[in-house]
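Peer 1: Numbering-wise (numbering that gives the first Met the number 0), the sequence shown opens with residue 0 and increments by one.
Think of the hints as simulated: they come from the structure by calculation, not from any bench.
Ideal placement from N, C-alpha and C gives every residue a C-beta, glycine not left out.
There may be inaccurate statements among the hints.
Distance windows between CB atoms, simulated [unchecked claim]:
#1 P52 / G5: 16 to 24 angstroms
#2 T60 / V14: 20 to 28 angstroms
#3 P52 / I7: 28 to 36 angstroms
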Amino acid sequence: MSPNVGSIDRVIRIVAGVSLVAGAATGTIGMWGYLGILPILTGTFRYCPAYAPFGMSTCKTKANNPTRVA
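Construct all of the structure, not just a fragment, from the sequences and the given hints.
Peer 2: Here it is, written out as structure tokens:
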């Protein structure tokens with residue numbers, strides 16, 4: 000499993016997931032908020048299974064990075 004979730008995507012997923020779980024824990028948005036665990040996990044592991052079948056990736060690859068470290 001190579002990473003397919005980039006930095007900005009990762010932050011958005013984790014913030015949204017924590018917000019959903021917090022809303023569910025406080026009773027603000029109901030039990031559906033616990034689905035926020037999914038974006039927390041995909042952001043943490045930097046892999047989204049929904050991206051894989053479509054070949055999508057928001058992660059920058061080494062081939063696209065012109066800087067080299069000697």
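Peer 1: Evaluate each hint against the coordinates.
Peer 2: Structure-based check of each hint:
1. Restraint check, P52 to G5: a C-beta distance of roughly 18 angstroms satisfies the suggested window 16 to 24 angstroms.
2. Between T60 and V14 the Cβ separation comes to about 24 angstroms, which falls inside the hinted range of 20 to 28 angstroms.
3. Against the hinted window of 28 to 36 angstroms, the Cβ-Cβ separation of P52 and I7 comes to about 22 angstroms, which falls outside the hint.
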